[in-house]
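Note that the protein sequences, when read in sequence, are chains F and D. The first sequence runs contiguously to residue 289 in this note's numbering. The second sequence runs contiguously to residue 318 in this note's numbering.
Keep in mind that the hints are not guaranteed to be accurate.
Unchecked claim - Not close to chain D: a few residues of chain F, all C-beta gaps over 10 Å, as computed: (1) Gly50; (2) Ile82; (3) Leu86; (4) Glu102; (5) Leu141; (6) Ala167; (7) Gln171; (8) Gly220.
What the hints assert, rightly or not - List time: in silico DSBU-like cross-link candidates among lysine-lysine, alpha-carbon distance up to 35 Å: (9) Lys160/F to Lys186/D; (10) Lys264/F to Lys31/F; (11) Lys257/F to Lys186/D; (12) Lys186/D to Lys46/F.
Simulated from the structure, these hints should not be mistaken for lab results. In this text the structure is predicted, and so the values were computed from the model without any measurement. C-beta: ideal position from N, C-alpha, C; glycine also.
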Amino acid sequence: MNIFKKTILTIFASLLLTTNVIADKVKIGTEGAYPPWNSKDSAGNLIGFEVDLANELCKIMGHECTIVEQDWDGMIPALLMRKFDAIMAGMSITAERQKVITFSQGYADEVAQLAVMKGSSLESMDTPSGINLSLGGSDVKKALKTLTSSLAGKTVCVQTATIHQNFLDSGDVGSVKVRTYKTQDEVNLDLTAGRCDAALAAAVAFTDYAEKSGEAVVLVGPTFSGGAFGNGVGVGIRQGGDDAIGTRDAKLLKDFNKAIDKARKQGIISKLAIKHFGFDASM
Amino acid sequence: MDIDLMITSLPKLLNATLVTLKLLSASLFFGLFIGLFFAILRVAKNRFLNIFSYSFSYLFRGTPLLVQIFIIYFGLGQIDYLKTTFLWSILKEPYWCAIIAFSLNTGAYTSEILRSAFETIKKGYIEAGKSLGLKYSTIFYKIHIPIAVKQSLPAYGNEIILMMKGTSLASTVTLLDLTGVAKYIISTTFKPIEVFIVAGGIYLIMTFIFHNIIKYLEKKFSYQ
């Protein structure tokens, strides 16, 4: 009987120990399908700006991290269901997402832009080179008006659950036909197939695709920022709470914010951004 | 549980159910003709036609529906030559790509269901028809079809229900069917459980209705 008790106790003790070990490990979710932010190499390993950055931030925080893959459309639900502890997936900080999760400070900024196939009538659109929707003003209004008339009746393709979809759904550019896809890859495929008159995503997602595929994809219209496009890309974390996991989440948020400060000061973010984007997208 | 979300998303999901039903009815309509065509080839007394029909059914029953819809939608979209033909006006639309994939898939299963139904017809019935001096086409409509319909109803009812669930794959090629709209609502609310429970409930209700229609027809066509 004694041995029996002992065994049970040892099993319980080891279970408790393992949970502690797991609790110290930080799991980071990424999509692995949004180059150059995050993607996979031919062997299936996760690579990209955010994978490198996540490893650097974990080193600074002193946490042991594992990076796991998650489909984009289930990213926030998976975080809420505690499949992982943080999101680093080119996710912009928006008011809509902040209703359900919280974000660290931004670590990089992306501008969104429309892309078309070479020869499209949209190439002649006359707009300023960039508009910030948060600033507003007559320039922005004029640009949105031009976009509304140019895109009228056109099919614009976007990845689902993105700031780009939110922008098109917001009605700022009239009632375009929006087609949503599970991945950016599929958006690119259908743009080149000719099923989309235009596509909207991070400008780097298109330049990266054009470069790798050799397809004649060109950027048109203004670069978009602010408003529905949010305030940069940050680490998504569950909103803290009073229970054990809640306090741990709140601590993780602090850790990430500190680590991002440090990485920024040491020039790590800039260096990684230049390596993956070809320009300094850090913020 | 966010009951409010379940209630507010219900009208949107019911609206999307119409798209699902449209996809289903169009696919079953075309699929029935495709199935009948290949079933006839399969029981024909010509080895080449038999092999052709068998290959068709083997190809579409042996590969996942998701792969088929992806090949038809994304795969054919890669062939530049197609874009110069009139076919592109059809293949350009995700709606038609989905219907083509679903029709071919259900057509393959239907051809097997009908083939086995044809094979259960006893030789004596057909000989009786022949001895009455009936034309082959009359024998086909008056003997083959009624027996085949009765024999294949239970299996075909299953196929309808399988196909109804299969239409959820339309959402992978941008269509806003029941599953597509459910995913769309989730993408803005981040609450998959509530929305999928409502969508799943609608699928269950549809299954219930189809099941009972088939059961009624089975009774009607039985000899007793």
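Exercise. Just checking, leucine 141/F versus chain D, shortest CB gap more than 10 Å?
Worked result: For leucine 141/F, whose nearest Cβ neighbour in chain D is about 25 Å away, the distance exceeds 10 Å, so it holds.
Over 10 Å from every CB of chain D: does alanine 167/F meet that, or does the non-interface label fail?
The claim breaks: alanine 167/F does not keep its Cβ more than 10 Å from every Cβ of chain D (closest is about 3 Å).
Is the Cβ of isoleucine 82/F more than 10 Å away from each Cβ in chain D? violated, 4 Å
Discussion item. Checking a non-interface call: every C-beta of chain D should be farther than 10 Å from the C-beta of leucine 86/F. Is that right?
Written reply: The claim is violated: leucine 86/F sits with its nearest Cβ about 7 Å from chain D, within 10 Å.
Beyond 10 Å from each Cβ of chain D, as asserted for glutamine 171/F | Answer for glutamine 171/F: violated, closest chain D Cβ roughly 7 Å.
Margin query: The output says glycine 220/F does not contact chain D. Does that hold with a beta carbon cutoff of 10 Å?
Written below: holds, 14 Å
| field | Hinted pair lysine 186/D and lysine 46/F, Cα distance within 35 Å | value | OK: lysine 186/D and lysine 46/F at ~30 Å, within 35 Å.
Given as non-interface: glycine 50/F, which should sit over 10 Å from chain D by C-beta
holds, 20 Å
- Query: Can the restraint linking lysine 257/F and lysine 186/D be considered satisfied, given a maximum Cα separation of 35 Å?
  - Reply: Not OK: lysine 257/F and lysine 186/D at ~50 Å, beyond 35 Å, violated.
Next item on the list: Compare the distance between the alpha carbons of lysine 264/F and lysine 31/F with 35 Å, and conclude whether the hinted pair is satisfied.
Entry: holds, 18 Å
query = Would the pair lysine 160/F and lysine 186/D pass a check requiring their Cα atoms to be no farther apart than 35 Å?
reply = This hinted pair holds, its Cα atoms lying about 14 Å apart.
Can we trust that glutamate 102/F is non-interface, i.e. its beta-carbon lies farther than 10 Å from all of chain D? The assertion about glutamate 102/F is violated, with a minimum of 7 Å to chain D.
In the structure shown, a violation is registered for the earlier hints numbered 2, 3, 4, 6, 7, 11, in ascending order.
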